[in-house]
Every structure is written in C-alpha cells, then in structure tokens.
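Chemist: Top to bottom, those sequences are chains A and B.
Each number in my numbering comes from the position in the first sequence (counting from 1) with 109 added on.
Each number in my numbering comes from the position in the second sequence (counting from 1) with 109 added on.
Certain hints may be false.
Because identical chains cannot be distinguished in the list, a pair is counted as satisfied if it fits within a single copy or across any two copies.
The list that follows gives simulated cross-link-like pairs (lysine-lysine, DSS-like), each with its CA atoms no further than 30 Å apart [what the hints assert, rightly or not]: (1) 270 with 481; (2) 163 with 151; (3) 151 with 218; (4) 407 with 191; (5) 409 with 269; (6) 163 with 218; (7) 481 with 118; (8) 407 with 218; (9) 191 with 216; (10) 191 with 163.
These are computed hints drawn from the structure, not numbers from a lab.
Chain by chain, the residues:
Protein chains: 2
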Amino acid sequence: MFSFNIDHKDPQSSARAGVIQTAHGEIQTPIFMPVGTAGTVKAVHQHELETEIKAQIILGNTYHLYLRPGIEILQQVGGLHKFNGWNHPILTDSGGYQVYSLGNTRKIKEEGVTFNSHIDGSPHFFSPERAIDIQRIIGADIIMAFDECTPYPCEYGYAKKSMEMTHRWLARCCERFDNTQGLYGYEQTLFPIVQGSTYTDLRIQSAEAIAAFNRPANAIGGLSVGEPAEDMYAMTELVCGVLPADKPRYLMGVGTPVNILESIALGIDMFDCVLPTRNARHGLLYTAEGILNMRNAKWKDDFSPIDANSPCHSSRFYSKAYLRHLIHSSEILGMQIATLQNLSFFLWLVTEARAHIQAGDFRAWKEMMVPKLETRL
Amino acid sequence: MFSFNIDHKDPQSSARAGVIQTAHGEIQTPIFMPVGTAGTVKAVHQHELETEIKAQIILGNTYHLYLRPGIEILQQVGGLHKFNGWNHPILTDSGGYQVYSLGNTRKIKEEGVTFNSHIDGSPHFFSPERAIDIQRIIGADIIMAFDECTPYPCEYGYAKKSMEMTHRWLARCCERFDNTQGLYGYEQTLFPIVQGSTYTDLRIQSAEAIAAFNRPANAIGGLSVGEPAEDMYAMTELVCGVLPADKPRYLMGVGTPVNILESIALGIDMFDCVLPTRNARHGLLYTAEGILNMRNAKWKDDFSPIDANSPCHSSRFYSKAYLRHLIHSSEILGMQIATLQNLSFFLWLVTEARAHIQAGDFRAWKEMMVPKLETRL
Chain A
110 MFSFNIDHKD PQSSARAGVI QTAHGEIQTP IFMPVGTAGT VKAVHQHELE
160 TEIKAQIILG NTYHLYLRPG IEILQQVGGL HKFNGWNHPI LTDSGGYQVY
210 SLGNTRKIKE EGVTFNSHID GSPHFFSPER AIDIQRIIGA DIIMAFDECT
260 PYPCEYGYAK KSMEMTHRWL ARCCERFDNT QGLYGYEQTL FPIVQGSTYT
310 DLRIQSAEAI AAFNRPANAI GGLSVGEPAE DMYAMTELVC GVLPADKPRY
360 LMGVGTPVNI LESIALGIDM FDCVLPTRNA RHGLLYTAEG ILNMRNAKWK
410 DDFSPIDANS PCHSSRFYSK AYLRHLIHSS EILGMQIATL QNLSFFLWLV
460 TEARAHIQAG DFRAWKEMMV PKLETRL
Chain B
110 MFSFNIDHKD PQSSARAGVI QTAHGEIQTP IFMPVGTAGT VKAVHQHELE
160 TEIKAQIILG NTYHLYLRPG IEILQQVGGL HKFNGWNHPI LTDSGGYQVY
210 SLGNTRKIKE EGVTFNSHID GSPHFFSPER AIDIQRIIGA DIIMAFDECT
260 PYPCEYGYAK KSMEMTHRWL ARCCERFDNT QGLYGYEQTL FPIVQGSTYT
310 DLRIQSAEAI AAFNRPANAI GGLSVGEPAE DMYAMTELVC GVLPADKPRY
360 LMGVGTPVNI LESIALGIDM FDCVLPTRNA RHGLLYTAEG ILNMRNAKWK
410 DDFSPIDANS PCHSSRFYSK AYLRHLIHSS EILGMQIATL QNLSFFLWLV
460 TEARAHIQAG DFRAWKEMMV PKLETRL
C-alpha cells in the first residue's frame, strides 16, 4: 500500500515534489505535519485541520498516548484514527524523544529504557519491541523506529556508541515489525532514523547503515536540538546524499519556515515541529510577510485583518488588535486563532514550495521568500 | 428601534414567547445569552456562536472591557461589534458586579465606587454617569444601569439602604442616558435593575420604583448569589407580578437549566450565566438527558457520541471517551468541545421552551424535563 512517487525535481536544487500513498489517503510532498501530541492538535478541531489548515497528515506522540488515554483504550476503540476522528494519515514517533526529555530518572540500557511518567511518577519500560507493539496498537499509518536522540552538544564517543545502539535497536524494531501485522486491517509503514549527532563520519556511517535496511522511507533524527542552523543544513545535505533518492526523507522536529524551505532544497520531503502551535499559544504569528509578536503594543489599534492573504477564514475575519487583546488577556480564543494562522501558513508554505518545484522555479522563489520569512514585523 | 412583541402566552404559567427588536437584529424570547466577558465567549469562535450554538445575543462585561482592551481602543474601532466581529445584538452589564466581586479595596459611596484593577492594581472610579459613558463607547445594543448587587445573606438595613441608593443611581443613569446618544449611529437601550435582596417588602418596593421609570425593559438583579432556589423563585415571581407584563424581563446571572425553565414559567424572558461556559472548561456537560461529569472514569471507554441529539456537530462527531481524555489531559480542544456542547444545549433549551409556549404545552413539557435535567448521568 505505502508508495512514493516523485512527480517533479527542481533543476536548481535537490527539492522534489511527490506523492506518498498510505492506507488513509495520500500525502503530497513536501509536507508539514502538525503535531497532535495527545491525539489532538492543541486548540483546533479536526474539521478545522481539514478545511482551514488543510493538513494532510498529523503526528501523535507515542509517549503521551501510551500514558493517556493508554493503549487499552486505543486498542478497544480500534486505534487513534477512530479515537480522535481524524480519518487521514497519522504518523507516530516512537516515544523515545519524550522519554528522554520528559520522563524522570530514565535509564538507557541495551535492552531498552526504564523511566517514570512525568504525570504520576509511575515506572515504565520501553524497548524497540515494545515501541513497535505500542505503535501497532495506536495504529498510525507511519510509525517510527525506537532510537536514541542524542542531545547537543554531544561528546563524540557517546554519539558513536549511541548511534551504534540505535542501529542495533533498528534491527530489533524491524524484526518485531516484520513479524507482526497492523491490528485494524490496514498496513503500517516503519521509518528508520539516521542519528550521529553533528559528526560528519558518524552521519555518513549512520545514513549508510539505515539505507541498508532498505525500508520504504527514511528519517533523520537528532537535529534541531540546539545546534547552529549551518550544522543542521550540513548534516541534512550529507545524509540526503547517502539516503536513496527514490524514497521519502523525513527531517524530524524541523523547524522554522526558513529551515523548512532550506531543507526542502536539500531533498527533504517531510517535516514536523511544535513551533507553529506552541508559538501560536504564546502569541507569535508566522505569515508570508514575516513574524508578528502579537504581545507588542504596536498591534493594539491595528484593526486590519490578522493576515489578509491567509487561506484561513479566522485570519481574514479577525483584526490584529482583537487578536492582540485576546493574547494579552490569555483568552483561549486567542490561542485558537493564532494556531489556525500558524498551521495554515505552514501548510500554505509547503504547498507553495511544491507548486514552485512543479513550476521549476523553486530556488528563485525560496530566495525571494527567505528574507521575508525572517522579517520581524 | 427597540421593541418587544409577545406572540404567545402559556395558558398554564406566566411564560411567554416574544421577539425583541434591536439595532443589530431580533432576539426570540425566552433567550439565553452566552457570556463573553472580555469580548470573547471563551473557547468558541464567533462563527461557531452563529452556526453551531445559534446564539442570538451575547454579553460583554463592562468592567473587563474597560480594563482590557480599554475604551480608547473600543471607541477608535467603533464599538465592540466592530472589535470582535459579532454583528448581532450585544448586552453589557454596568461593571458594578465585577467591581464588587473582583476589584480590590473597593469603596462604595453615594457618588460612585472607587476600586483597584484586579490586573495591575491601578485605581479607577465608576459612577452611574461613568457606567453609561463607558457603555456608550462599548456600544452594546442593551446596556445596564449601574446598581449595587448585594451579597447573600444581606442584613435588612443594608439591603434597604443599598436598594435606595440603586434607585437614586438609576435616576442618574437615566438622566445621563437620555441626554446622550449612541456614538455609532444606532440606538442603545437602557435596562434598569430591581434589587432588594431576599426581602419581600424591599423587592416589591424596588419593582414598583423601577417600573415607575417606565423604561422599555426591566431586569432583576441580586439573585442567584447564593440564596436557596426557593427564595430566588419566590422573589422572581413577586417581582414579575409588579413589573409590567408587556416589557421584557431579564433575570441576571441565572442559571441552571432547571432555574431557567422555572423562571420562564414565572414570566422571565432573558437569562445569562457563566455556568455553561465555566463548567464546560471543568468538564461538566449539560444535555437534555442530564448532567455528565467528563472527569469520571466511567466515560473512559464510552465511545458513543458526546450527545447524539445535540444540534452541535462536534458533540455528534466526538465520543465521550475522547472528550474525557481531552478534559483529563487539560487539552484546549476539550474546553472547546465542552463549551460548544453546553452553550448549544442552553440555546436548544430556550428554543424548545419557546416552541412549547407557542404550542401551548410548555408546563407539561417543563415538568417532564426538570427531573431529566437534574439527573447525574
């Protein structure tokens, strides 16, 4: 069922436009995937994801879903799609990243990771096999290998050891995945993850090892964790050069609008990031003309639409002054409006990128867009 | 412009069905008015108020709007309708109630009330004249007299003195109102407020005094502040007997679904309350079959719709288990869904009440509904 077809390649960069087919429908790439941590993209309705934001695939976090609502509930209802009513593609991470960043007193060993819930302190154990089993139960169309995402900076020795363990864990993930089936009558696809921190030799080594597993798509992890942007781009370019060109490439946890355009140019097809949603709730807006901090007093009597060119109704309907008031007053509606703006903009951005790849002028368009996207309005 | 026509009277109670005409459109009574404290009904979009909740009029709180965004902004944009994009009727309270309940170190004197902002402690002064001026700037279709809302219980001597001052304040409100005009080219209407705590003689005295001002509508304040329900009903019935039958009667701050039906039976036409919105955010749902506490574990694997009979899409689309998960995880979407459910139910309830008044079987319907509405599911 899972397939990837590249329609167009940009003549002046490594950007490509394609279509991923999944059991819950197709995804036009390059794509940005809104993060729906606990089975909800915070502050937006599922129908708004469809009609306003025009999301094609959303993320779920295995760690969060495992703790709440719990896998018993998800199994009983028949998976996350049935639970939250999102009948389009879903991707779940493996839970590893949250275990490392949120879990208390985590211990990483060859067998797996023990950790305590950040909610109630209860003890839990994740392993490559367990991460696959849980993701089988959640039932996402795309599931991720259980890896260790090293922090930045990371000492070379640790990065190498960790990468090697991630490769051994991937073998265990693949074995478990290949010996089990989706629980709900449709196919799931496992994406392996390249690690190697910011070390050129490790990244090449990891990309080669991961490519050798010959899965239908590949992901790049361990970037956008605090390293300089040039390092991120350098590692991405390096890894894209090793990973097979005919399979989707997913750059995990990236990024700003500029990061996304630059990484598309390097050959990345899929992105996810909490930036548009988290920053929205703090009043930071992304638009095609630049970034607006809605907390600034300068917006208090600006009665023009939030973003007159937004594909999103609420951004054309409400004024900057009204949104500024809502954000300033910590009103929920402010978070709703800002989230709709940011996500619809991120989806607009990748859709435009795709159109320009198809038109053959992606690079010129990107170079025109980048300074605008970085402007503080 | 403001008018009230009674279409039907219930033969077996004092309930009536009517239509209020305002500059921003008509209101079919009896009506429930969602509370939009700071110019937003928390967690719902304006278009959801229109199409899902079917609100006909919403409330704004003068105290909150005066502090944020402030009257300069509201005057500059041309009033609250223009600011928040709600192009239907709006009612504002006078600010008094919030001054007493939220303001710090408030001092009530004959001239007016000094208080400190609950946001930044800054000193402010409200008087009957100032409350009218501010409400002229906010530009609501219906504005309220500046009164003192006595707490419960309230000593007789204080209740009497306070009521008498409220009457003198009303004279000042009317004078200011009658000597000024709406700022934005449409008419506003001032509602006076009956006080008198839970004392029969004071309530009669106040209702007579307020009726003598001969304004186009009348309100009843100082109830639903902690007194037993039977006292609230007794005072409401008493006051309704004195206030003219051909003018709208607004029972301020009431109440539960049962309170609303019982008060409609006593001759009340308009209601507002934070109950459906505030309780929604804490996971308490109102339905035609009873009350659901979504925090209860019993809902965790109930995959049936939140309310299959709801007029609201989200209540038919999402399951109880999903909403329980969202509320349990303090997700914003949970507050959104629960608010939509409660407000659409409150609007459904008054619309049904109206239909049964028109059909002549309101009393029988009310008696059938009351036990259901009180049921804890």
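Chemist: Of all the hints numbered above, which does this structure not satisfy? Sort the numbers upward.
Modeler: 1, 3, 5, 6, 8 and 9
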